Each structure stands twice: as structure tokens, then as C-alpha cells.
Amino acid sequence: MQEWSGGTLVSGTGEYTQLVGFPNNVPAMAMHSMLQDRIRVAQELLERVEQLCSQQAHNVEGRAKLCSKLRAELKFLQKVEAGKVVIKESHLQSTNLTHLKAIVESAESLEDVVSVLHVFTYEGPGGQKQTLVVDVVANGGHTWVKAIGRKAEALHNIWLGRGQYGDKSVVRQAEDFLQASRQQPVQYSNPHIIFAFYNGVSSPMADRLGEMGISVRGDIVAVNSVPGVEEGGGREEGSEDEDSSCGEGEEGGSKEEEGEEEEDDEDDDPYALHTRVDRTTVVASLAFPTELKVDVCKRANLDITTLITYVSSLSHGNCNFTFREQVLTEQAAQERQEKVLPKLEEFMNGKELFVCQSAVQDFQVILDTLGGPGEKARAEELLARLRVVPDQPSERTQRLVTSSKVNRRSLMIFGTGDSLRAVTMTANSGFVRAAANQGVRYSVFIHQPRALTEGKEWRATPI
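If you read the sequence shown in UniProt numbering, its first letter stands for residue 1, the second for the next number, and so on.
Possibly wrong hints are sitting among the right ones.
What the hints assert, rightly or not - In silico DSS-like pairs for lysine-lysine, Cα to Cα no more than 30 Å straight-line: (1) Lys-129 x Lys-79; (2) Lys-65 x Lys-168; (3) Lys-129 x Lys-75; (4) Lys-298 x Lys-351; (5) Lys-351 x Lys-456; (6) Lys-405 x Lys-376.
Unchecked claim - Simulated restraints on C-beta separations: (7) Gln-164 x Gln-438: 54 to 62 Å; (8) Gly-83 x Gln-337: 47 to 55 Å; (9) Ser-404 x Pro-342: 27 to 35 Å.
Derived from the structure by calculation, the hints contain no laboratory data.
What you are looking at is a predicted structure, and each value in this text was computed from that prediction instead of being measured.
Beta carbons are placed, not taken as given, at the ideal position from N, Cα and C, and that holds for glycine.
Please take these sequences and the hints and turn them into a complete structure.
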């Protein structure tokens with residue numbers, strides 16, 4: 001007599017005879033152990049992602065996408081465990097978990113993680129529109145990380161042209177990263193690119209990446225020379241970009257469009273016979289850089305919303321009121337919880353401060369209409385610190401299509417900051433998003449808004 005037990009078939013003698021979902025010739029105990037290990041890893045990674053995101057000062061874009069992929073892997077493995085899916089042993093070894101784990105570990109190693117699995121659009125060498133998935137964007141956007149879980153042997157063979165059709169070498173992918181990063185400056189500096197290898201990288205490949213300006217993280221391993229065969233990048237004509245390939249099938253059972261990498265099974269890899277990589281000989285082991293040198297922009301351009309916030313009575317201690325206007329009451333509560341002025345001062349410190357003519361003119365109109373005596377006095381002091389420049393919107397700004405969120409005044413202000421290569425300080429996140437949706441990403445410092453409230457305090461209720 002036989003009965004089901006935890007996804008395995010147990011005989012009347014209590015012996016494991018076959019793991020449900022696997023062919024009869026697969027050792028049940030070994031496969032059961034491997035399956036349980038994969039399930040445990042997926043569950044742990046989900047917990048680590050949640051913990052990582054909770055430690056950041058802001059929401060991490062792409063968290064839901066990463067968790068969704070991990071849950072898909074977990075669901076697939078649980079289907080195998082329950083006997084609902086029959087797969088080969090190599091399929092269990094070739095899941096996306098290796099790549100997803102590499103992404104999580106990379107994010108845990110860096111500061112100020114902005115997003116994971118972020119898709120950037122850029123123009124390829126021929127002018128065609130391309131997309132690139134960056135596994136981790138950290139250091140406020142200044143660092144891009146590609147997490148690589150494939151083994152050094154497979155990566156090296158692909159580089160030498162020994163891979164399967166459609167394989168794209170890491171070096172070719174590095175070229176794509178460089179091309180995209182030049183079109184996605186952060187505070188007018190190109191992002192720093194790190195390729196993080198979690199199963200090693202051959203010494204010649206690491207050297208080549210370094211020459212290209214790519215930082216390498218991970219174990220750099222030796223390559224044993226084989227007489228009669230030259231080192232160097234092999235032919236890759238006709239190869240396709242794995243970052244834009246798309247696979248269909250069961251959850252967790254195939255590469256996905258974000259370029260997830262399958263874990264290699266050396267025993268089934270015919271190219272492993274040609275490898276010269278010796279992963280037992282580690283030439284160097286490189287950690288993530290503890291301090292990344294970032295070229296901080298020393299220019300700031302102030303939007304009208306920033307001018308108002310800076311001089312607002314709310315920002316100068318008068319926030320213990322309940323106003324008749326709900327929005328003012330909400331801003332007062334926000335100010336009591338988190339003061340905005342210190343953040344503005346910290347960002348402005350040591351920078352050359354600009355403001356365009358349109359911003360000054362409209363600010364003066366608002367100030368004359370709504371400002372109180374204290375707010376007007378602070379405005380005079382602030383404007384004396386700023387360099388007023390003519391409106392000079394950048395070329396790309398002039399290509400934007402106007403809408404409810406993209407008005408002429410904002411185009412003048414943000415466009416002038418763009419021409420000055422300055423970071424625009426603003427509370428107008430709506431314009432920033434609308435411009436980004438049209439393909440124009442501005443360098444901005446976004447803060448909470450504060451209105452002019454001094455003239456309305458007399459009818460407000462003190463708290």
C-alpha cells in the first residue's frame with residue numbers, strides 16, 4: 001500500500017520511492033532536499049526584500065515587481081512539491097532564484113536604494129528605441145547595478161563565442177549599460193555602473209570590463225591557458241539581447257523579459273568541456289565600494305513652490321494651528337511632524353543659487369496678494385541671495401507638449417534649470433512626472449509644499 005506524504009510517495013515500508021513531479025529515475029531524497037532548499041530560499045528572499053525596503057528613507061520603486069517574481073518562483077516550486085507539475089532535475093536547478101537572490105544581496109549591500117528592476121528607455125547606436133533593465137539603482141540614482149548569478153565558466157564561454165545562439169556576452173551587455181547611462185544623467189553626471197558577479201568572473205573578462213569603465217564586484221578567478229587557442233572576445237554576430245528576450249511558460253520555469261539568468265547545470269553543459277576557467281583559483285575578491293565618489297551638482301535652481309515654502313510662516317515655527325482651509329491644516333500637521341526648512345537649507349548649502357525671471361515675477365504677485373509682513377521680509381532676504389537669470393528653457397524642454405500638468409510657467413522654470421545644468425528645487429512633483437512621461441527627466445530636489453499662511457493665522461484656531 002502507498003500513500004501521499006508531503007509531496008512524496010511513501011511505500012508501506014516507509015521508504016521514499018519517488019518525488020511527485022519528477023521522473024522515476026530521480027533519487028527521491030536528493031530531489032526532495034533540493035526542492036525544500038529552493039522553497040526555503042524563496043521564502044527568505046521575500047522576507048529580506050520587505051526588510052530592505054522598510055529600512056529605506058523612501059519607497060523603493062519596483063519592490064512589488066521583485067516580490068511578484070519571487071512569489072511566482074515560490075508558487076512554481078510548491079506546485080512541483082504537490083505533484084501538479086512534472087519537471088526534469090535540470091529545470092529545478094535552472095530557476096530564476098539565483099538571479100533574484102543576486103539582486104536582493106546587491107540591494108542589501110548598497111545605500112539609498114531608489115529602485116529595483118527599473119526599466120530605462122534609451123536610443124541605440126542606430127537611433128532605434130531600446131530598453132534596459134537595471135537590477136538595482138542605488139545611491140540616490142548615481143549607481144546602477146547588474147547582478148549576475150551565472151557561473152564564470154558559462155560567462156567566459158559566451159564571451160569567447162561558444163555560447164548558444166542568442167546568448168549575449170556580459171561585455172556586450174556592458175556596452176548597452178554605458179550607452180543607456182550616458183542618456184540618463186543624474187544631477188548631470190552619468191550613473192556609475194557596477195557588475196556584481198555571484199558565481200565568479202574570469203580574470204580577462206574582469207580586465208575588459210574595467211577598461212570600459214565598469215566596476216566589478218565578486219570573485220575574479222583564474223583562466224588556465226589551453227595551447228593553440230587565443231583569449232579574447234569571440235564572435236557574437238547575430239546574438240540577441242538577453243535583457244529584452246521574453247519567454248513563455250509556467251511561473252518560474254523560464255527566463256523573463258527582464259533578463260533573468262538561469263542557473264547553470266555544468267553536467268548538462270556541452271560548453272563546459274571547453275572551459276578554461278578555474279573557479280578554485282581566486283585571483284581577487286572585490287566587495288562593493290564602501291564610498292562611491294559622486295560628482296555632486298553645485299548649482300540649484302529654485303522653483304516658485306520652493307520660494308513660497310522657504311518664506312512660509314509654517315516653515316518658521318508657526319504651525320500650531322487648525323486653519324479653515326483643509327490643505328493648510330494638513331500642511332501644518334506635516335510641518336509639526338517633519339520640518340521642511342532644514343532640508344532646504346542643507347541642500348542649498350555650498351551651492352550657487354539661481355532663479356529665473358518668470359519665477360521671480362510670479363512669486364512677487366503671489367507674495368503681494370497673500371503674503372504677511374514676516375513672509376515678505378524673508379522673501380526680500382532670500383531673493384538677495386539668489387542670482388536672477390533670464391528665462392532660457394533647454395532645447396529638450398521646448399519639445400514638451402503642454403497639458404494641465406505641463407504649463408508654460410513650469411517649462412520656463414525647469415527648462416532654465418536644465419540649461420544652467422542646475423538641480424531644480426520644487427514641490428511640483430506633478431510636472432516632474434508629466435515631463436518624465438514625455439521622455440524628459442529633470443534633475444530635481446523634491447520637497448513637501450508649504451503655503452503662505454501668515455495672513456490667515458488671525459482666523460485660525462491655535463492648537
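Now for the hints, and whether the structure bears them out:
| no. | hint | result |
| --- | --- | --- |
| 1 | Lys-129 x Lys-79 | violated (38 Å) |
| 2 | Lys-65 x Lys-168 | holds (24 Å) |
| 3 | Lys-129 x Lys-75 | violated (34 Å) |
| 4 | Lys-298 x Lys-351 | holds (5 Å) |
| 5 | Lys-351 x Lys-456 | violated (33 Å) |
| 6 | Lys-405 x Lys-376 | holds (28 Å) |
| 7 | Gln-164 x Gln-438: 54 to 62 Å | violated (39 Å) |
| 8 | Gly-83 x Gln-337: 47 to 55 Å | holds (53 Å) |
| 9 | Ser-404 x Pro-342: 27 to 35 Å | holds (33 Å) |
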